[in-house]
Structure formats: structure tokens, C-alpha cells
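Chemist: Letter by letter, the chains look like this.
Protein chains: 2
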Amino acid sequence: MNDLISKPEKGKNNNIVWHHATITRQQREKQNGHRSKVLWFTGLPSSGKSTITHAVEERLHQMGCHTFVFDGDNVRHGLCSDLGFSREERKENIRRIGEMVKLFIDAGIIALTAFVSPFRADRERVRNIVGEKDFIEIYCKCSVEVCEKRDPKGHYKKARGGEIKEFTGISSPYEEPLSPDLVLDTACLSVEDNVGEIMRLLIERGIIQKGIR
Amino acid sequence: MNDLISKPEKGKNNNIVWHHATITRQQREKQNGHRSKVLWFTGLPSSGKSTITHAVEERLHQMGCHTFVFDGDNVRHGLCSDLGFSREERKENIRRIGEMVKLFIDAGIIALTAFVSPFRADRERVRNIVGEKDFIEIYCKCSVEVCEKRDPKGHYKKARGGEIKEFTGISSPYEEPLSPDLVLDTACLSVEDNVGEIMRLLIERGIIQKGIR
Numbered sequence: 012m013n014d015l016i017s018k019p020e021k022g023k024n025n026n027i028v029w030h031h032a033t034i035t036r037q038q039r040e041k042q043n044g045h046r047s048k049v050l051w052f053t054g055l056p057s058s059g060k061s062t063i064t065h066a067v068e069e070r071l072h073q074m075g076c077h078t079f080v081f082d083g084d085n086v087r088h089g090l091c092s093d094l095g096f097s098r099e100e101r102k103e104n105i106r107r108i109g110e111m112v113k114l115f116i117d118a119g120i121i122a123l124t125a126f127v128s129p130f131r132a133d134r135e136r137v138r139n140i141v142g143e144k145d146f147i148e149i150y151c152k153c154s155v156e157v158c159e160k161r162d163p164k165g166h167y168k169k170a171r172g173g174e175i176k177e178f179t180g181i182s183s184p185y186e187e188p189l190s191p192d193l194v195l196d197t198a199c200l201s202v203e204d205n206v207g208e209i210m211r212l213l214i215e216r217g218i219i220q221k222g223i224r
Numbered sequence: 012m013n014d015l016i017s018k019p020e021k022g023k024n025n026n027i028v029w030h031h032a033t034i035t036r037q038q039r040e041k042q043n044g045h046r047s048k049v050l051w052f053t054g055l056p057s058s059g060k061s062t063i064t065h066a067v068e069e070r071l072h073q074m075g076c077h078t079f080v081f082d083g084d085n086v087r088h089g090l091c092s093d094l095g096f097s098r099e100e101r102k103e104n105i106r107r108i109g110e111m112v113k114l115f116i117d118a119g120i121i122a123l124t125a126f127v128s129p130f131r132a133d134r135e136r137v138r139n140i141v142g143e144k145d146f147i148e149i150y151c152k153c154s155v156e157v158c159e160k161r162d163p164k165g166h167y168k169k170a171r172g173g174e175i176k177e178f179t180g181i182s183s184p185y186e187e188p189l190s191p192d193l194v195l196d197t198a199c200l201s202v203e204d205n206v207g208e209i210m211r212l213l214i215e216r217g218i219i220q221k222g223i224r
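Chains as they are written, first to last, in the working numbering: chain L, 12 to 224; chain V, 12 to 224.
Just so you know, the hints here were simulated from the structure itself, not pulled from any lab data. Glycine included, every Cβ here is placed at the ideal spot set by N, Cα and C. Hints may be right or wrong, so weigh each one.
[Stated by the list, open to error] Listed next, the in silico DMTMM-like pairs over lysine to aspartate or glutamate satisfying Cα-Cα at most 20 Å (straight line):
no.	chain 1	residue 1	chain 2	residue 2
1	L	K41	V	E69
2	L	K41	V	D204
3	V	K152	V	D162
4	V	K41	L	E40
5	V	K221	V	D204
6	V	K41	L	E177
7	V	K221	V	E208
8	L	K102	V	D93
9	L	K102	V	E103
10	L	K176	L	E99
11	L	K164	L	E177
12	V	K41	V	D93
13	V	K102	L	E103
14	L	K168	L	E156
[Claimed, not checked] Between beta-carbon pairs, the in silico distance windows are:
no.	chain 1	residue 1	chain 2	residue 2	range
15	L	L212	V	D93	31 to 37 Å
16	L	G172	V	K102	35 to 41 Å
17	V	K102	L	E203	23 to 29 Å
18	V	D93	L	P163	30 to 36 Å
19	L	A132	V	Q220	46 to 52 Å
20	L	R136	V	L94	44 to 50 Å
21	V	G75	L	K144	26 to 32 Å
22	L	R136	V	L212	39 to 45 Å
Make a model of the complete structure from these sequences and hints.
Modeler: Encoded structure:
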């Protein structure tokens with residue numbers, strides 16, 4: 012339905028032909044005062060993706076940026092509630108997230124995602140969906156040993172005990188990004204320091220400006 | 012991944028326990044200066060949904076509101092590109108749109124949707140997904156005769172000729188909303204007048220304020 016539709020039969024302004032006035036991404040970015048992108052965090056379970064993602068969002072919100080975080084909680088219970096955890100279903104899960112994120116970018120928003128997303132092929136698919144220039148891959152690098160020591164949900168323990176099958180890092184591989192936009196040392200550096208790294212990157216790339224409001 | 016994660020092993024600020032700083036919808040609405048809702052347009056093909064939707068978006072954008080329009084173009088080619096047009100697939104299509112729209116509302120955006128969405132049960136499902144208070148149903152009322160006369164894409168013609176099966180209004184039913192928030196007379200009133208009706212409703216309900224910027 013992106014054509015013109017014929018003018019109304021009666022009423023005022025019958026001579027006006029209405030085009031679809033589609034607001035563009037560029038107009039939204041101008042309104043918001045920043046560019047829209049996806050910051051795609053990837054890394055082992057408990058590597059700190061979710062914590063850092065939310066800390067970055069808080070910082071950006073304080074600066075007046077428009078942001079949104081996607082994680083298992085708001086995606087797996089909603090849009091992807093029909094999907095299980097087989098290889099095929101994980102693939103479809105990531106595809107849908109990619110398509111949704113693309114629309115958030117079109118809407119002028121800085122999207123942040125906190126998914127393990129262990130397979131290169133899946134991340135490449137998202138990169139292709141949203142477009143190379145809009146996909147910023149951030150690798151939360153942390154050894155399995157450190158992640159396992161944290162294990163806030165006890166998932167590693169269950170995976171060791173065989174209760175969770177195909178758990179990334181234990182019984183399923185994690186494929187490191189080959190050329191991520193940023194590698195965060197989430198074993199050694201504080202959340203604050205890692206947030207600082209990300210803010211520096213966003214400013215360097217002209218996505219945000221220092222202290223906008 | 013919504014728990015705390017343990018503090019980093021080394022580096023500064025080891026004594027800081029990081030909570031997830033989740034920015035709430037309320038904070039986003041405050042930032043934007045308007046409430047977030049979905050305006051769910053429904054009506055026969057060529058009843059004017061898409062034209063009015065984009066005209067409303069343009070008006071809202073000019074006022075400084077944050078909006079996004081969903082239609083067949085950006086949903087059927089993306090998020091729902093795996094779905095066909097069987098009853099079951101149409102149902103899943105609408106479900107996914109509902110779940111996505113819910114996240115846009117959480118992100119503080121006024122979402123506008125332009126889908127025929129002919130079945131009450133499907134629209135009710137979306138109402139349940141996004142929540143009664145956030146679902147504003149707008150019925151673009153227009154007779155089949157008038158819609159068929161417009162027919163900008165020639166779909167009615169093809170449906171009459173049997174080329175398109177199960178075409179709403181011709182060979183598949185359209186179930187009118189029983190108690191929509193707004194009924195627009197899209198046969199007789201101009202787009203401008205209908206946009207005016209919608210703006211009045213949004214102001215009345217406190218979703219936007221007159222002339223915000």
C-alpha cells in the first residue's frame with residue numbers, strides 16, 4: 012500500500028492528491044541529534060554482555076539519546092516465544108531479531124543487543140540484514156573459567172551436570188568474531204571502563220557527539 | 012540475563028556492584044514529551060489506511076513526536092518474509108507484528124500500523140499482547156464499492172477475475188470492529204479531516220499535547 016490512493020469522493024480538499032509522507036531515517040536522526048545503529052554484543056554466557064549493555068544504555072539516555080536494549084527476556088517471551096533451542100530455531104531467532112533491529116534503526120534508535128550469538132554465520136546474517144555500516148560488533152571477551160566462576164544463574168553448573176544440553180562454552184562451541192569493531196576485556200576491566208571504551212568508539216565514529224542533550 | 016553479575020576480578024571499581032540500569036518506558040516518555048501507544052488502523056484494502064497513517068506520522072513528526080509506521084512493505088519483506096497467506100500464517104503474521112509493536116511502545120514510540128487485519132480475533136490478540144490501554148483501534152470505514160473504484164494496485168480487479176484468492180471484501184470476510192476507539196469516514200471525508208479527528212483523539216486522551224516540540 013505505498014501508492015497514491017485516489018482522492019476522496021466528497022468533502023473539502025478534493026483537489027489535493029495525497030502522497031505518502033514517509034518520514035525518513037535521516038529526518039529522525041536529525042530530530043534525535045544522533046545516528047542510529049545496532050551495537051551487537053556477543054560473548055559467552057556470563058561474560059557481562061547484559062550488564063554492560065544496560066550500563067551503556069543508561070549513559071546514552073542521560074545524554075538524551077534514544078536507545079533500546081534487546082535481550083532474552085523481551086524477545087524469547089514475546090516475538091520468539093514459538094521457538095525452541097534447536098540449531099534451526101536459534102537461527103530463526105537471530106534472523107527475527109535482526110529484522111526487528113533493522114526497523115528500530117529505521118526508527119532512529121540506537122539498538123543494543125545482548126545475546127550469546129555464538130555462531131559467526133548467524134552474526135553475519137544479521138550484518139547482512141541491517142547492513143554493514145549499521146552493524147557494530149562488540150565482543151565481550153572473557154575466559155570460560157572466569158564466566159563459570161561468576162555463573163549468576165547456575166547455568167554452567169547445570170551444563171556441567173548434563174542438565175542443560177548444548178551449552179555454549181561447555182558442550183557447544185563459541186566462535187569468536189574475526190574482526191569485531193571492539194573487543195572488551197570483561198574479565199579484567201570494570202564495567203565502567205568498558206562503557207568508556209564504547210562511548211569513545213561512538214564518538215570517534217560520529218554516532219554520538221560529546222555531551223549532547 | 013537480568014541478574015547481577017559478579018564484579019570484575021581486577022581493575023578499578025572492584026567494590027561497585029553493578030545493577031542493570033534498565034531505562035523504563037516512563038523515562039522514555041518523559042524524554043520524548045508524549046505517551047507511547049499503537050494506533051492500529053484496520054479496514055478494507057484501499058480504504059485509506061496507509062495514506063492516513065503516513066499523514067498522521069508526518070503531522071506528529073513535525074510536532075517533535077517519535078513515531079514509526081508498520082505496513083506490508085517493511086514487515087512482509089522482513090520479519091515475516093517466511094510467512095505466506097494461509098489463515099494460520101496470517102495469524103502468525105499479526106502475532107509477530109503485535110509483539111514487535113509492544114517493544115516499540117516500550118521504547119517510547121507512537122507506533123502506527125496499516126494492515127487490513129480483517130479478523131476480530133486477530134485484533135483482539137494484538138490488544139492482549141500490547142495491553143488494553145495501549146491499543147487504539149481506528150476503523151477506516153469505506154464501502155467495498157468505493158474501495159473497488161479506487162483500487163490503485165488493481166487488486167480488486169484481480170480478485171474479481173479470480174487471480175487473487177481470498178481477497179478481503181470480495182472473497183474473504185471483513186469483520187468490522189465492535190467498539191473501535193475511532194471510526195473514520197474514509198469514503199466521504201478528506202485525508203486532512205481524518206487526520207484532524209485522530210489528532211483530536213490523541214490530545215483528548217493526553218497522549219500528545221497541543222503543539223509540543
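Chemist: For each hint, tell me whether it holds in the structure or not.
Modeler: The hints, checked one at a time:
1. L/K41 <-> V/E69: Measuring from Cα to Cα gives roughly 15 Å; hence the hint holds.
2. L/K41 <-> V/D204: Distance ~29 Å between L/K41 and V/D204 Cα, so the pair is violated.
3. V/K152 <-> V/D162: Distance of about 15 Å is within 20 Å: holds.
4. V/K41 <-> L/E40: At roughly 19 Å apart (the allowed maximum being 20 Å), L/E40 and V/K41 satisfy the hint.
5. V/K221 <-> V/D204: Roughly 17 Å separates the two Cα atoms, so the pair holds.
6. V/K41 <-> L/E177: Outside the cut-off at roughly 43 Å; violated.
7. V/K221 <-> V/E208: Measuring from Cα to Cα gives roughly 14 Å; hence the hint holds.
8. L/K102 <-> V/D93: holds (13 Å)
9. L/K102 <-> V/E103: Satisfied, since the Cα-Cα distance of roughly 18 Å is no more than 20 Å.
10. L/K176 <-> L/E99: Holds, at about 16 Å.
11. L/K164 <-> L/E177: holds (16 Å)
12. V/K41 <-> V/D93: violated (37 Å)
13. V/K102 <-> L/E103: holds (18 Å)
14. L/K168 <-> L/E156: OK: L/K168 and L/E156 at ~12 Å, within 20 Å.
15. L/L212 <-> V/D93: 31 to 37 Å: For L/L212 and V/D93 the Cβ distance comes to about 34 Å; the hint holds.
16. L/G172 <-> V/K102: 35 to 41 Å: holds (40 Å)
17. V/K102 <-> L/E203: 23 to 29 Å: violated (47 Å)
18. V/D93 <-> L/P163: 30 to 36 Å: holds (35 Å)
19. L/A132 <-> V/Q220: 46 to 52 Å: With Cβ atoms ~48 Å apart, the hint holds.
20. L/R136 <-> V/L94: 44 to 50 Å: violated (18 Å)
21. V/G75 <-> L/K144: 26 to 32 Å: Given about 27 Å between the Cβ atoms, the range holds.
22. L/R136 <-> V/L212: 39 to 45 Å: Cβ of L/R136 to Cβ of V/L212: about 41 Å, so the range 39 to 45 Å holds.
Checked against the numbered hints given earlier, this structure breaks hints 2, 6, 12, 17, 20; the rest are met.
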